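Using the sequences and the accompanying hints, generate a full structural model.
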Amino acid sequence: MSDLSLSAGAAARTGRRPWRALVRWESLLVLAILIDFAINAHASPYFLDPWTLSDVTVSVVEKAVVALAMAFLVMAGEIDISVGGIIALASVAMGLVARGGSPLPLVVASGIATGCVAGGVNGLLVTVGRVPSIVATIGTMTLFRGVAYAVLGDGVLKTYPPGFAWIGQGYVAGPVSFELVLFAVLAAIAIILLHATAFGRRVIATGSNPEASRMSGIATGRLRFWLFVAVGTAAGLASVLLTSRLGSTRPSIAQGWELEIVTMVILGGVAIEGGVGSIPGVVLAAILMGLVTFGLGLLNVPGIVMSVVTGTMLIVVVAVPAAVRRFGPERR
Amino acid sequence: MRELIAGIMSGRALRTREAGLLGLNLLLLVAIAPFFPAFLRPVNLAGVFDDTALLILLALGEMLVLLTRGVDLSIAANLAFTGMVVALLNQYHPGLGLVPVLVLSVLMGAALGAVNGLLVWLLRIPSIVVTLGTLSIYRGAVYLASGGKWVNSNQMSPAFLGLVRWHAGGVSMLSWTAIVCAALVAVFLRRSILGRNLYAAGNNPAAAAYAGIDVGVMQGAAFLIAGAIAGLCGYLWVSRYAVAYTDVASGFELQVIAACVIGGVSISGGVGSVGGVVLGALFLGIIKNALPLVGVSPFFQMAVSGIVITGAVLINARGSRASALRILERRPA
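Protein sequences appear in the order of chains A and B. Heads up: the first sequence begins at 0 in numbering that gives the first Met the number 0, then just goes up one per residue. Heads up: the second sequence begins at 0 in numbering that gives the first Met the number 0, then just goes up one per residue.
FYI, nobody ran anything at the bench for these hints, they're computed from the structure. Watch out, some of these pointers could steer you wrong.
[Said to hold, decoys possible] Partner residues aside, some chain A positions facing chain B, computed with beta carbon under 7 Å:
hint, residue
1, ILE38
2, VAL127
3, ARG129
4, GLY138
5, THR139
6, THR141
7, TYR148
8, GLY152
9, VAL180
10, VAL184
11, ILE271
12, GLY274
13, VAL304
14, THR309
15, VAL323
These figures come from a predicted structure and were not determined experimentally. Don't be surprised by glycine CBs; every beta carbon is placed ideally from N, CA and C.
So this is what it looks like as structure tokens:
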């Protein structure tokens, strides 16, 4: 009896503090989203149209799908810089399969499978090869995109089976796109996995203290391997969405996405050192980045200038709490 | 079986990583020689070195940051921004000559590096997060500075273009810059207190702090120096390729990190040498220059460098486990 109350009390104590911090972080993101929403609505009369709002989700959803899986990986203390390369490789693989006249399910499966295998390569390098993940995936980033270039050169692939375009361009109901529904479902699964299962606890534990986690019986190597596979698979899925939306493929697609995806994850409150983070935070960060990018687009700001805004946002969002912690009045 | 592979890969046969790398570089040259004797002509080798000089310079700066357990992803963006600003300075005030260009490139690069350093030092934000942010900001700033326009060679003064092309002893000024810079960094790391402290701060931050070394200041200093080198490279790059535009050296930071890692710099800090970094950069440079000769299509080159980088990184991870803390000198300083 006393045991039970003790453990419940302990759970409440350890559970309450991070939760409060998360609420604060996420409310900060919500506030930023509301402010940006107001600015966008003020800047353009077309912004509040449901179809415009639906357009906001285009392209950011593809990055967000990868960011969901990446959040798990970063929380476990690893990182994957090669996702852009995986997307390009999977896209070229799909293009080749489709050119051979394969049916729709096979084309989609080939893209996802390519991502899965590429993620496995990363996982093996990190767990069996003992290469630090940032170094390993810098290498495979060049490798995956390099293979895509080697196969396709400066060519373009644009024959796809009928129905393929719907995946990235179709709408389920009114202005609600299939991409958006898919992302919502994946986000719900990710929330449950991280916040309500033993698997999620293991991911957090591995990121907080890999050695202690291993000692307490978590197969950290296997866990990290499968997380790399998950990120690769998510990149394969993003590749399906992107290729379908563009209707063609080149080896240069999704260039630089890895940095945007990592930015999304960090903006969502995931600590780059691992062990801390929440999926709702990542989803909010994705919405915020989508809104800001789209809002700047409405104002005819070129894409490269948006990178200044994204970069500033990332630093400010991380620096302000850090500065408050370090120089704030409540420092004990 | 695994032990055997690990044993071979850990470099038990090769005394040190530098010797191994040197052997690997020579092996590459020997392999190329029978097919393309011209590749080994001094003129061509000087050309290869000239082509690799910028990678060497940037890798030297990156090594300092890696030594302190940081990573600088923003150096290529710093290079592009500084390069564009000095190119614009030269375009609109060609009469000023070269001295202001050189001074501005170093100072501006150092200032951009200091931004990284201050955020890492004062706010203790992980360097990968800081430089991911400044990477985007600096890259966008190139566009803001230039309005998206290019600065072409006909808009650059002869002096601006001439310096890197000036040859002394058959070796270009750009190569000499890399050689001198490598020597300076080597002396700095071996002989100066700050240099030794950089190693100590990265090797064991807690012990370094007890020994009276401010680890944060060391990280800040590493970013400052790396930024100054990147700024200088901004001028050198723009001048060598005779063009400045927004996407100059885009993604080059990852090649720089690859050169460091191949050269034996540990990503977890405290381990690395100038010799290793120079050889690591040359390894990538020789491969890059030899591939077109061997008849590898340009589209295969990226895949081949990917295989090389991944393989080298894998071998390095094997090697470093056998010799942790190797950098600490046995004899008391």
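**Q.** Restraint check, 7 Å cut-off on beta carbons, for VAL304 (chain A) near chain B
**A.** holds (5 Å)
Q | Hint check: 7 Å Cβ-Cβ cutoff, VAL127 (chain A) to chain B | A | Interface hint status for VAL127 (chain A): violated (9 Å vs cutoff 7 Å).
Q | Status of the THR141 (chain A) interface restraint (C-beta, 7 Å, chain B) | A | holds (4 Å)
(Q) Interface hint check: THR309 (chain A), Cβ to nearest Cβ on chain B, cutoff 7 Å. Holds or violated? (A) Nearest chain B Cβ about 5 Å off; hint holds.
Q: May I ask you to test the interface hint for VAL323 (chain A) with respect to chain B, counting a Cβ-Cβ separation under 7 Å as satisfied?
A: violated (10 Å)
**Q.** THR139 (chain A) as chain B interface residue, shortest Cβ-Cβ below 7 Å
**A.** holds (6 Å)
**Q.** Interface hint for ARG129 (chain A), Cβ within 7 Å of any Cβ on chain B
**A.** With a minimum Cβ separation of about 5 Å from chain B (threshold 7 Å), the hint on ARG129 (chain A) holds.
Q) Would the stated hint for TYR148 (chain A) survive a check requiring a Cβ distance to chain B of less than 7 Å? A) With a minimum Cβ separation of about 5 Å from chain B (threshold 7 Å), the hint on TYR148 (chain A) holds.
(Q) Does VAL180 (chain A) hold up as a contact with chain B if the rule is Cβ-Cβ below 7 Å? (A) Since the shortest Cβ distance to chain B is 30 Å, the answer is violated.
Q: Against chain B, run the beta carbon of GLY138 (chain A) and see if the smallest gap drops under 7 Å.
A: Hint on GLY138 (chain A): holds, closest Cβ of chain B at ~4 Å, below 7 Å.
Q) Can we keep the VAL184 (chain A) interface hint, with Cβ of chain B closer than 7 Å? A) violated (29 Å)
**Q.** Interface hint outcome for ILE38 (chain A) [beta carbon to chain B under 7 Å]
**A.** Cβ of ILE38 (chain A) sits 19 Å from chain B, so the hint is violated.
In this structure, the earlier hints numbered 1, 2, 9, 10, 12 and 15 are contradicted, and the remaining ones agree with it.
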